[in-house]
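Line order of the protein sequences matches chains X and E. In terms of our numbering, the first sequence opens at residue 1 and continues consecutively. In terms of our numbering, the second sequence opens at residue 1 and continues consecutively.
What the hints contain is simulated information worked out from the structure, not anything from laboratory work. In this text the structure is predicted, and so the values were computed from the model without any measurement. Please note that a few of the clues may not be correct.
[Unchecked claim] 27 Å max Cα-Cα, derived BS3-like pairs, lysine-lysine: (1) Lys188(X) with Lys7(E); (2) Lys222(X) with Lys135(X); (3) Lys233(X) with Lys160(E).
[As the list claims (entries may be wrong)] Listed next, with one range per pair, are the computed distances between beta-carbon atoms: (4) Pro168(X) with Asp262(E): 49 to 57 Å; (5) Leu206(E) with Pro168(X): 34 to 42 Å; (6) Gly57(E) with Cys180(X): 52 to 60 Å; (7) Tyr25(X) with Leu206(E): 29 to 37 Å; (8) Lys186(E) with Tyr25(X): 23 to 31 Å.
The beta carbon of each residue, even a glycine, is placed where N, CA and C say it ideally should be.
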Amino acid sequence: MIKKRSIHRINYHILVIVFGSVMIYPLIWMLMSSFKETNTIFRNVSKLIPDKFIVENYINGWKGFGGVSFGTFFKNSFIVTITATVGAVFSSSIVAYGFSRFQFKFGKPLFVCMLLSMMLPYQIVMVPQYIMFNKLGWSGTYLPLTVPYFFGQGFFIFLIMQFIDRIPRELDEAAKIDGCSYYAIFSKIILPLISPACITSAIFSFMWRWDDFLGSLLYLNKPTLYTISYALKLFCDPSSTSDYGAMFAMAVLSILPIMVLFIAFQKYLVDGISTSGLKG
Amino acid sequence: MKHKTFKSWINQRDTVGFICTLPFTIGFLAFTLIPILASLYYSFTDFTILSKPNFVGLKNYIQLFTRDKDFLQSLKVTIYYAVVSVPLKLIFALIVAMLLVKSTKLSAIYRAIYYLPSIIGSSVAVSVLWKRMFASDGILNSLLAVVGINTNFPWLGNTKTAIWTLIILAVWQFGSSMLIFLAALKQIPSSLYEAARVDGAGPLKLFINITLPMLSTTIFFNLIMQTITAFMAFTQCYIITGGKPLNSTLFYAVYMYQQSFDYSHFGYGAAMAWIMLIIIAAVTLIIFKTSDRWVYREGEQ
Chain X
1 MIKKRSIHRI NYHILVIVFG SVMIYPLIWM LMSSFKETNT IFRNVSKLIP
51 DKFIVENYIN GWKGFGGVSF GTFFKNSFIV TITATVGAVF SSSIVAYGFS
101 RFQFKFGKPL FVCMLLSMML PYQIVMVPQY IMFNKLGWSG TYLPLTVPYF
151 FGQGFFIFLI MQFIDRIPRE LDEAAKIDGC SYYAIFSKII LPLISPACIT
201 SAIFSFMWRW DDFLGSLLYL NKPTLYTISY ALKLFCDPSS TSDYGAMFAM
251 AVLSILPIMV LFIAFQKYLV DGISTSGLKG
Chain E
1 MKHKTFKSWI NQRDTVGFIC TLPFTIGFLA FTLIPILASL YYSFTDFTIL
51 SKPNFVGLKN YIQLFTRDKD FLQSLKVTIY YAVVSVPLKL IFALIVAMLL
101 VKSTKLSAIY RAIYYLPSII GSSVAVSVLW KRMFASDGIL NSLLAVVGIN
151 TNFPWLGNTK TAIWTLIILA VWQFGSSMLI FLAALKQIPS SLYEAARVDG
201 AGPLKLFINI TLPMLSTTIF FNLIMQTITA FMAFTQCYII TGGKPLNSTL
251 FYAVYMYQQS FDYSHFGYGA AMAWIMLIII AAVTLIIFKT SDRWVYREGE
301 Q
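Just chain X, with the same shape it has in the complex (with noise of 0.2 Å):
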């Protein structure tokens, strides 16, 4: 019996671990080939592991491309996508505590309103967003890649909302009575209880915001602001290179801010997704 489950157990081991290496095949090809000699790349394609490590790749892609090298696309990358995770995060928590725990007139309405826009492709307000912000004058600049986050986003309200639900309403009472006003309940007590939300919120923010593309496509005009998802596109065009040892390094090296978050903040995407149905 003992013997049969362990077979049982090891079966279902050697299961899951194949399918799941047959599934980051791809991406471990890529890192392997991101070391190998370029002229090796496609000759080789079944041999995984490199015959020698090199990292010409990576000092050959970083040179990039129109004089700009990927230094300054990653220091952009960074601005917009900080810049709109510090707004996106603090709005939405302050929206988030006034849906919460306050009734106010036009509340419901405006309620359902936060949950159409969850729904709400980007797409539907594509054209008119790029008619307006180019007569603000806006285009070839960050702004329209930031400030629309700083007005709460439908997802990360919806997410924090439900953290602010749990917290007693009784320990606002006892602050409300000690006289701290509304704005104060929520700096000093609602917020340092949210932040598992907020970090998780922030995590989903900058991946979204660093992933990124067809806002960089519409409003980016030189290769000096570009972000690095359009960079990497644009580097990666067959009539610019055909480099691919550095265009897999400049790929890879284009996912690591992502990879690093993940392997660090597991615990917050997975209870992220699991609570609130947020998709990855």
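Place chain E on chain X using the hints.
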């Protein structure tokens, strides 16, 4: 409703809720509601980058549905993509979730591995990789050569297979649906299974009579969210196939982008946006009709 000072007004209970949600109100008006209404207006005009919007009535809509073959093609391609990739993705997600629900020492690592593609799947890096994977001299053909199948079949250049490279990419990202299923599976009381086992039910019966019904709302919710996501898909198609060959992979969002920005047909693009909105609204309405059920359960825990 008169308050002595601004300070006492701003600390009024009714006011606080209004002020805290004010960022959302302003943002919603400025970046969502007004643009949507502007879009509706533009959709009835011949607005381009060169000409001011002139009212042309339903001309854009009539042209889309009667004369624009590419539009009908993009609608067809996108619906096909959604109808094939979403159920496949959910079936995979459910199978893997049921495998991983059993907790072992390695569960956390397994979960991470299966979830990883979801995290990075929509990045440009993966699109670039995908393009090389299915190129005629790419990874797939080289791997096939190892097992003795020598081919330089252009997976991306064939009208039958190109769409499948995008479907595979979508299915590959089943991780987030899997996590939602995993959370839902863990909430099914084990007493239900025990009782059924006592009655002599086999694994298949347990799955059909307990697991599926208990997951029905989660499946439904996933189905709708993933369908919306599929309808919005842009980056993958734009980078990997660019709608080629012969528009066989022309996604709705990509065609809308081409019309709006490559040809600067703002009015026409706005009409496409509104048709997309109506389709999404129909889908969303179904969610709200059933939302009581899944929202309630989420709030329970």
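Now for the hints, and whether the structure bears them out:
At roughly 19 Å between alpha-carbon atoms, Lys188(X) and Lys7(E) fall within 27 Å of each other, so this suggested pair holds. For the proposed pair Lys222(X) and Lys135(X), the alpha carbon gap of about 19 Å is at most 27 Å, so the pair holds. Distance check on the hinted pair: Lys233(X) and Lys160(E) sit about 25 Å apart at the alpha-carbon level, within 27 Å; holds. Taking the beta carbon of each, Pro168(X) and Asp262(E) are about 55 Å apart, inside 49 to 57 Å as hinted.
Against the hinted window of 34 to 42 Å, the Cβ-Cβ separation of Leu206(E) and Pro168(X) comes to about 39 Å, which satisfies the hint. For Gly57(E) and Cys180(X), the Cβ-Cβ distance of about 58 Å falls inside the hinted range of 52 to 60 Å, so the restraint holds. A C-beta distance of roughly 33 Å is found between Tyr25(X) and Leu206(E), which places it inside the suggested range of 29 to 37 Å. A beta carbon spacing of about 29 Å between Lys186(E) and Tyr25(X) agrees with the range 23 to 31 Å that was offered as a hint.
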